[in-house]
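Asker: In case you want the letters, here they are:
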Amino acid sequence: MKTLRYILGGPQGGGLETSSEVLSWAFARSGYGVISDREYFSNIKGRHSYVHATVSATEYPKSLDYPVDIVAAMDAETVFTHFQDLREGGYLIYNVDEDKTLYSSIPSMEHDLRDRLTALFKELGIDGTLASLTKYLRSRGVRVIALSYKELLSEIQRKEGIVPSQVSRYISSIIIGAVAAITGLDPNALDQSLRRRFRNEEVYRHNRALAMLVIDTVRSQFGSELKLDEPSIKSKEVLVVSGNDAVAMAKTVAGVRFQAYYPITPAADESFTLEEYETLGGAGSIVVFQTEDELSAINAAIGAALTGARASVATSGPGFDLMVEGLSWAGQNEVPVVVTYYQRGGPSTGQPTRGGQSDLLSSVFASHGEYPRIVLASGDHEEAFYDTIDAFNYAETYQVPVIHLLDKFLANTIATISMPDFSKIRITRGVLASKGLREYRRFDMSSPISPRAFLGDYVMWYSGDEHDEYGHIDEDPVNRVRMMEKRMRKLEIIEREIPEERRYAYYGPDKPSILLIGWGFVKGAAVKAVEELNEEGIRAGYFHIRTFIPFPTNSVTKFIREVGLENVVAVEHNYMAQAAKLVTMNTGLLVSKSIVKFTGRPIYVNELVNAVKNVMKGSTREVLSYGA
Amino acid sequence: MARKLTIQDLKTNVWVDWCPGCGNFGILSAMYQAFAELNLDPQKTVVVSGIGCSGKIAHFINVSGVHTLHGRSLAFAQGIKYANPDLTVVVNVGDGDLLGIGAAHFVALGRRNPDIVVIMHDNTVYGLTKGQASPTLRINLKPKALPKPNIQDAVNPIGLAIAAGYTFIARGYAARVQHLKELIKKAIEHRGAAFIDVLQPCVTYDDIHTYDYYNQRVYDLQEAGWDPLVRNPEELPEKAAQALAKSYEGDGKISIGIFLINPHVSTFEERLANRLPDYLKAPPAREAIEVDGRPVIDHELFKRIFSRYIIEF
Ligand SMILES: Cc1ncc(C[n+]2csc(CCOP(=O)(O)OP(=O)(O)O)c2C)c(N)n1
Ligand code: SF4
Chain R
326 MKTLRYILGG PQGGGLETSS EVLSWAFARS GYGVISDREY FSNIKGRHSY VHATVSATEY
386 PKSLDYPVDI VAAMDAETVF THFQDLREGG YLIYNVDEDK TLYSSIPSME HDLRDRLTAL
446 FKELGIDGTL ASLTKYLRSR GVRVIALSYK ELLSEIQRKE GIVPSQVSRY ISSIIIGAVA
506 AITGLDPNAL DQSLRRRFRN EEVYRHNRAL AMLVIDTVRS QFGSELKLDE PSIKSKEVLV
566 VSGNDAVAMA KTVAGVRFQA YYPITPAADE SFTLEEYETL GGAGSIVVFQ TEDELSAINA
626 AIGAALTGAR ASVATSGPGF DLMVEGLSWA GQNEVPVVVT YYQRGGPSTG QPTRGGQSDL
686 LSSVFASHGE YPRIVLASGD HEEAFYDTID AFNYAETYQV PVIHLLDKFL ANTIATISMP
746 DFSKIRITRG VLASKGLREY RRFDMSSPIS PRAFLGDYVM WYSGDEHDEY GHIDEDPVNR
806 VRMMEKRMRK LEIIEREIPE ERRYAYYGPD KPSILLIGWG FVKGAAVKAV EELNEEGIRA
866 GYFHIRTFIP FPTNSVTKFI REVGLENVVA VEHNYMAQAA KLVTMNTGLL VSKSIVKFTG
926 RPIYVNELVN AVKNVMKGST REVLSYGA
Chain B
8 MARKLTIQDL KTNVWVDWCP GCGNFGILSA MYQAFAELNL DPQKTVVVSG IGCSGKIAHF
68 INVSGVHTLH GRSLAFAQGI KYANPDLTVV VNVGDGDLLG IGAAHFVALG RRNPDIVVIM
128 HDNTVYGLTK GQASPTLRIN LKPKALPKPN IQDAVNPIGL AIAAGYTFIA RGYAARVQHL
188 KELIKKAIEH RGAAFIDVLQ PCVTYDDIHT YDYYNQRVYD LQEAGWDPLV RNPEELPEKA
248 AQALAKSYEG DGKISIGIFL INPHVSTFEE RLANRLPDYL KAPPAREAIE VDGRPVIDHE
308 LFKRIFSRYI IEF
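In order, the protein sequence lines correspond to chains R and B.
The numbers in the first sequence follow this note's numbering, run straight up by one, and end at 953.
The numbers in the second sequence follow this note's numbering, run straight up by one, and end at 320.
Hints in this document: simulated from the structure, not taken from any laboratory.
In this text, all values refer to a predicted model and were calculated from it rather than measured experimentally.
Even for Gly, the Cβ is constructed at its ideal location relative to N, Cα and C.
One should not assume that every hint holds.
[Stated by the list, open to error] From the derived model, a few chain R residues whose C-beta atoms are all more than 10 angstroms from chain B:
1. Ser367
2. Glu423
3. Val492
4. Gly509
5. Asp570
6. Ala585
7. Glu603
8. Ser610
9. Ala636
10. Gly651
11. Thr753
12. His797
13. Asp801
14. Glu820
[As the list claims (entries may be wrong)] Where chain B lies over chain R, by a calculated footprint (3+ residues, C-beta under 8 angstroms):
15. 556 to 568
16. 615 to 622
17. 723 to 731
18. 775 to 785
Given only the sequences and the hints, what does the whole structure look like? Please build it.
Answerer: Spelled out as structure tokens, the structure:
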């Protein structure tokens with residue numbers, strides 16, 4: 326087969342991440358493309374968490390889809406939560422020791438799901454035990470791999486001489502072994518991946534032994550029935566990274582030397598990665614500054630930017646809100662500072678560990694007073710990498726704050742991507758003041774973008790108040806008009822200089838008959854959905870917005886005119902279809918059809934395809950909700 | 008710098024728009040004198056200020072001035088200092104700004120002990136918003152702008168600074184310019200976080216804490232024999248307790264002078280340098296990040312740094 330889809334599920338903190346990482350790396354090492362999304366509650370240990378992955382022999386996948394081929398369960402809750410995700414003839418790997426467990430006795434399960442299961446089980450005649458559910462699944466053609474986790478663990482405990490209290494730590498390798506067995510995963514690649522994950526020799530040996538034992542057990546019963554085709558992707562070097570990692574790496578390349586942050590999901594991992602590589606292999610120093618709050622973070626980053634260091638913060642909604650005051654100061658003082666903004670579900674702490682795209686309007690408009698800014702949005706790991714570098718180049722070229730929008734989906738999704746093309750990467754620092762001037766005026770009005778000097782080079786002043794060319798407070802009305810115009814005129818320059826092609830991407834046939842417009846993580850599912858629709862003879866296209874300021878006004882207008890306004894559908898991870906509002910604001914064209922999802926789970930290809938068909942039948946609004 | 012810096016060099020031609028008689032004038036005077044006597048390089052010196060009457064001071068001194076946001080000056084100052092530790096960073100900030108809206112930053116800075124000087128203009132009111140009670144105004148007092156007596160009690164800035172970990176803690180008085188100048192000089196020369204609480208009469212809104220009021224009460228700790236120096240780390244608890252006791256002195260006397268000097272704590276910059284071997288040689292602000300437009304981190308270096316994330320076929 327070309328594409329494999331699986332779910333690994335278990336209690337948060339129970340080794341799920343290990344299973345996922347080892348499998349992803351093993352598939353990647355064998356030459357496959359992998360994308361692996363992690364869904365979890367705001368909880369450290371015990372609540373249901375799962376990994377939903379796509380492995381492809383032909384491409385680096387960027388989208389997720391249902392149903393899946395395998396559900397591998399660490400615990401009973403996973404089976405109860407995900408059995409409906411399995412395709413016909415799919416595989417369930419589960420712990421037969423839990424056969425007597427009743428769904429209604431699982432304390433970590435949310436009552437809403439329990440209620441839904443009660444209704445469903447009644448209808449299907451399932452008595453609520455795991456045994457009765459698996460029996461039903463067998464009758465529906467699911468290939469059930471019932472393993473006694475206890476026996477496997479005690480066997481490995483005996484063989485390897487593991488301390489009994491430690492053995493449960495190895496459950497992750499049961500999952501790894503079972504998936505490896507049915508997919509015929511290359512044992513060498515698996516071994517290398519285990520070695521990479523477990524740097525401690527003994528722990529590596531134990532995990533390896535257990536995985537091998539499980540592989541033998543499962544193979545003797547089933548063989549390698551879901552064998553993937555030989556990979557056809559030909560890359561010399563591939564990165565296996567989360568979105569957080571991709572951005573952190575790009576920041577080091579971009580030359581970021583100061584990052585301030587206050588911990589918040591899903592942004593904090595980016596700063597952790599930066600801190601881990603803070604000495605840049607001997608090539609310099611990144612100061613990663615954990616502040617007391619976000620107010621401090623943004624203002625420290627601004628302070629650092631004034632000295633000439635490329636500076637940024639990474640945050641999400643509640644943190645961004647606290648940064649808005651500082652951002653206006655940066656706007657007033659023409660400071661190049663970058664805000665890496667990972668959106669999650671709101672309002673308030675909303676769905677703190679889930680994804681969303683509901684902060685778009687806030688990023689575009691949040692300010693007191695008016696000042697120019699640039700807003701970029703990334704749709705996948707590759708875009709995130711290059712956009713990060715552009716964010717700093719733009720910030721310094723135009724001396725404006727730049728907001729780089731990402732989301733939790735991207736942040737926590739591990740994906741294979743090609744090695745960045747370094748020949749394409751440029752660092753542009755904008756207009757700098759020459760050395761040895763007799764007098765320096767930071768806000769010299771001879772052009773909208775005054776030559777920049779760094780604190781330490783010259784004496785200069787900054788003020789949040791309206792100021793004159795020197796940076797001293799000046800409320801004179803004539804000065805006010807000139808200063809406001811100096812700053813705001815940058816928007817025209819940005820409009821002129823950042824090419825239209827940079828602001829969007831289009832996927833699909835010429836002259837589509839239905840046009841999806843989306844942004845951010847919608848991209849992966851939308852591109853795939855468009856492909857599938859076209860295969861079915863529906864001429865669908867996807868217009869992907871990559872910059873909101875500057876906006877791709879001309880192109881979007883052209884595309885909308887060509888397909889006709891009534892055939893345009895916004896696809897977004899929010900309630901209001903916020904990007905569609907910006908399309909209207911910028912073009913005067915009212916996009917009134919939408920497909921939205923705001924459950925905090927990503928849009929899956931299958932549900933998007935289905936929703937587009939519904940829209941074509943006359944629906945004006947589709948609210949998607951698939952996923953556990 | 009070739010020539011010795013004079014007070015004249017340190018004046019800008021911005022009109023000083025404080026109310027006539029304001030205590031801020033004394034602080035500005037002491038700043039000029041301290042900067043001149045230390046012969047600071049104006050380009051390498053940054054005055055960071057917050058919002059309030061005190062915040063304007065950044066525009067009156069001919070060194071770089073960063074007039075920031077209400078409550079956030081310490082955050083700006085730290086970003087500047089950590090990105091370029093070669094700069095001398097002096098913060099001037101109001102008591103409302105530092106101990107009200109900015110209190111979290113005040114505490115956090117003490118824990119880090121950067122080589123930054125924080126000078127608090129302590130006038131017990133919010134000057135620029137017309138005389139509301141500041142966090143240093145004691146309970147039941149009613150300066151003239153307040154419609155009712157103060158219902159909140161005062162924080163003890165010196166005590167808070169001790170608890171937060173500042174390593175140079177002093178109090179000055181705006182009308183004792185020579186004394187204050189010496190404090191500022193010592194604070195700048197101190198290696199670590201310095202805090203000076205400056206009694207600053209607000210002649211417009213505070214009719215209680217007047218020059219007269221302070222003149223009758225202030226006395227010099229050092230003249231009274233207090234030795235603020237912590238001679239070894241073991242001595243800190245005892246010394247800090249005594250300094251704290253002095254900060255609570257009531258009976259109509261207000262101590263000025265140095266409460267505590269603790270030279271045994273590493274600065275934040277030193278802590279960074281311990282982790283980042285190149286930090287002091289090539290701090291963030293001065294590191295080259297590109298060569299002819301190409302990133303310093305090229306393909307090869309990238310592979311070396313991030314090898315753990317890379318699969319090569
Ligand atoms: C976030 C924010 N809140 C409120 C204000 C309004 N504000 C301006 S000055 C000031 C008080 C300043 O008092 P203080 O810090 O004691 O300084 P002083 O004027 O007494 O020197 C306030 C509250 C502001 N600028 N920003
Ligand atoms: S209001 Fe008070 S603090 Fe402000 S300038 Fe006037 S006297 Fe000084």
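Asker: Work down the list of hints and note, for each, if the structure agrees.
Answerer: Tested hints:
1. The non-interface label for serine 367 of chain R is consistent with chain B: the shortest C-beta to C-beta separation is roughly 24 angstroms, beyond 10 angstroms.
2. Against the 10 angstroms criterion, glutamate 423 of chain R stays outside the reach of chain B, whose nearest CB is about 36 angstroms from its own CB.
3. At roughly 28 angstroms from the closest C-beta of chain B, the C-beta of valine 492 of chain R stays outside 10 angstroms, upholding its exclusion from the interface.
4. At roughly 19 angstroms from the closest C-beta of chain B, the C-beta of glycine 509 of chain R stays outside 10 angstroms, upholding its exclusion from the interface.
5. Not every Cβ of chain B is farther than 10 angstroms from the Cβ of aspartate 570 of chain R; the closest lies at roughly 6 angstroms, contradicting the non-interface assignment.
6. Once the 10 angstroms rule is applied to beta carbons, alanine 585 of chain R is inconsistent with being away from chain B; the minimum gap is 7 angstroms.
7. Residue-level check failed: glutamate 603 of chain R sits 6 angstroms from the nearest beta carbon of chain B, not beyond 10 angstroms.
8. Look at serine 610 of chain R: its CB is around 4 angstroms from the nearest CB on chain B, not clear of 10 angstroms, so calling it non-interface is violated.
9. Distance to chain B contradicts alanine 636 of chain R as a non-interface residue, since its nearest Cβ pair spans about 7 angstroms, not more than 10 angstroms.
10. A beta-carbon of chain B is positioned within 10 angstroms of the beta-carbon of glycine 651 of chain R; the least distance is around 7 angstroms.
11. With a cut of 10 angstroms on Cβ distances, threonine 753 of chain R falls inside the contact zone with chain B, its closest approach being about 7 angstroms.
12. The Cβ of histidine 797 of chain R sits about 5 angstroms from the closest Cβ of chain B, inside the 10 angstroms cut-off, so the non-interface label is violated.
13. Every C-beta of chain B lies more than 10 angstroms from that of aspartate 801 of chain R, the closest at about 13 angstroms, which supports listing it as non-interface.
14. With a minimum CB-CB distance of about 24 angstroms to chain B, glutamate 820 of chain R clears the 10 angstroms threshold, and the non-interface call stands.
15. Remark: the region 556 to 568 of chain R is confirmed as covered by chain B, as 7 of its residues place a Cβ nearer than 8 angstroms to a Cβ of that chain, reaching the required three.
16. Counting residues of the region 615 to 622 of chain R whose beta-carbon sits less than 8 angstroms from any beta-carbon of chain B gives 6, enough to reach three: the coverage restraint holds.
17. Coverage of a stretch by a chain is defined here by at least three residues with a beta carbon nearer than 8 angstroms to that chain's beta carbons; for the region 723 to 731 of chain R and chain B the count is 0, and the condition is violated.
18. Counting residues of the region 775 to 785 of chain R whose C-beta lies closer than 8 angstroms to any C-beta of chain B gives 7; at least three are required, and the coverage claim holds.
The structure fails to meet hints 5, 6, 7, 8, 9, 10, 11, 12, 17 from the earlier list, while all remaining hints are met.
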